[in-house]
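Engineer: Given next are the chains, with one letter for each unit.
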Amino acid sequence: MGLNDVSVLIPSSAAEAVEAFGDGKDVTVVAGGTIVVPELASGRLRPKSALYLGRAGLSGISRKDGTVTIGAATPVSDLVDADPPLAQAATHVGDLEVRAQATVGGNVCSASTDDTPRGDLQAALIALGASVRSAGKGGERSEPLETFLAEGAGRLVLDVSYDDAPRAAGYAAVWRPHTHHYTILAVAAAKRDGELRLAATGVAPRAVLLDADDPLAGLELRDDALASAWYRTQLLPRLVERALTDLEGGS
Amino acid sequence: MKLTVNGIDHEVESHALRPLLHVLREEVGITSPKAGCQQGGCGTCTVLVDGEPRRSCLLPLAAVDGAAITTVEGLGTPEQLGPVQAAFHEHYGSQCGYCTPGFLLATHALIGRSPKAGRSEIEEALAGHVCRCTGYVKIVEAVEAAVGGAS
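Chains as they are written, first to last, in my numbering: chain C, 1 to 251; chain H, 1 to 151.
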């Protein structure tokens, strides 16, 4: 079976995209292409059909009625001057060209593998209290990002949104020295009206919300080609401390 | 689908999700974008899409339908090198040459958006481009010369 056997749907609106996606069975979504295109080109991935999201009008950032909404097909490069700590996370994704192609929806849907960390925006978005609007089995729904991530893949992300409100924010990360800044562990923090939200990327395949009073509570840290679980266990409290120092600094 | 490559229009029939890299090399017949890592990590497949540097190995054809693509052939000719090509030639910014197309196009785009780019901007623009020969010093010198020549 070659690439030519994969049927391609190219919806020209969000409604068409939702209809084409259906319940998501055997459909692979392609937006920026940075993760999926090499898989398709090499033959490692052979879905029955693929949904190309680049022409569905799902790109763009809006601020209205107290909400910031980021369309699924918005490139990561559009977030480098977004609200902190999202901007810090976005700045370190891939490189200039990759950030211009990679999308927010793809980042939210991706999971780290044993040798490739992914989903750097997830922790920052969780810290901001973001929710995800998605379509698929059971229809359209919105839920907190951490809930969406805990359930894994299988839905079509339409947009990500969070309250447009003043916050103190902090970010701290340790990267493997590489042009692509492979993230070993990153902690994002945001405080609003006295409520602190802490989240981490690199703890598990997808980012998680941390217990602000006891960040290591209930965590089983991942052990992979980038770092051992032992190393991450030592690192996490330090990064929480640094993220909070950054937050207190009034950034 | 339609592509304009270095000013020449092409009708292409490849699959909508075939990477632009393979369409250029195998259907259009332009082999200067190299098939390096083929997963976005090395930079040598970089082309300009409507003037912006993009990884052609990651771009599905559907994303560039109707776009203007520039490869190094669009920057100059062997007889009349473009300014970035000339700077790389004069400053020994190329050894084996495999990564050079990506560096030239990334540099060309950098000068287009930031004609007085400083060292940190240059390093950011080149960060996704891997060279295994030069150690980068000569490349950065070539880019600095190209930036200086443009300003």
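Simulated from the structure, these hints should not be mistaken for lab results.
There's no promise every hint is true.
If you want the footprint, here are the derived chain H segments under chain C, 3+ residues with CB under 8 Å [what the hints assert, rightly or not]: (1) 10 to 23; (2) 111 to 123; (3) 143 to 149.
In silico negatives: residues of chain C with every beta carbon more than 12 Å from chain H [claimed, not checked]: (4) Tyr52; (5) Glu97; (6) Gly138; (7) Ala150; (8) Asp223; (9) Ala227; (10) Ser228.
Just so it is clear, CB atoms sit at the ideal spot from N, CA and C, and this is done for glycine as well.
Engineer: Confirm or reject each hint.
Structural biologist: Hints versus structure:
Counting residues of the region 10 to 23 of chain H whose C-beta sits closer than 8 Å to any C-beta of chain C gives 6, which meets the bar of three, so the coverage hint holds. With 0 residues bearing a CB less than 8 Å from a CB of chain C, the region 111 to 123 of chain H misses the requirement of three and the coverage assertion fails. Counting residues of the region 143 to 149 of chain H whose beta carbon lies closer than 8 Å to any beta carbon of chain C gives 0, which falls short of the minimum of three for the stated coverage. Non-interface status of C/Tyr52 relative to chain H is broken: a Cβ of that chain comes within 12 Å, the nearest being about 5 Å off.
Some Cβ of chain H comes within 12 Å of the Cβ of C/Glu97; the nearest lies about 5 Å off, and the non-interface call is violated. A cut-off of 12 Å between C-beta atoms confirms that C/Gly138 is not in contact with chain H; the least separation is 28 Å. Even its closest Cβ contact with chain H, about 28 Å, leaves C/Ala150 beyond 12 Å, as expected for a residue assigned away from the interface. The beta carbon of C/Asp223 is kept farther than 12 Å from every beta carbon of chain H, the shortest such distance being approximately 23 Å.
Every CB of chain H is more than 12 Å from the CB of C/Ala227 (nearest about 19 Å), matching its label as outside the interface. Distance check for C/Ser228 against chain H: the nearest CB is about 24 Å away, which clears 12 Å, and the non-interface claim stands.
Checked against the numbered hints given earlier, this structure breaks hints 2, 3, 4, 5; the rest are met.
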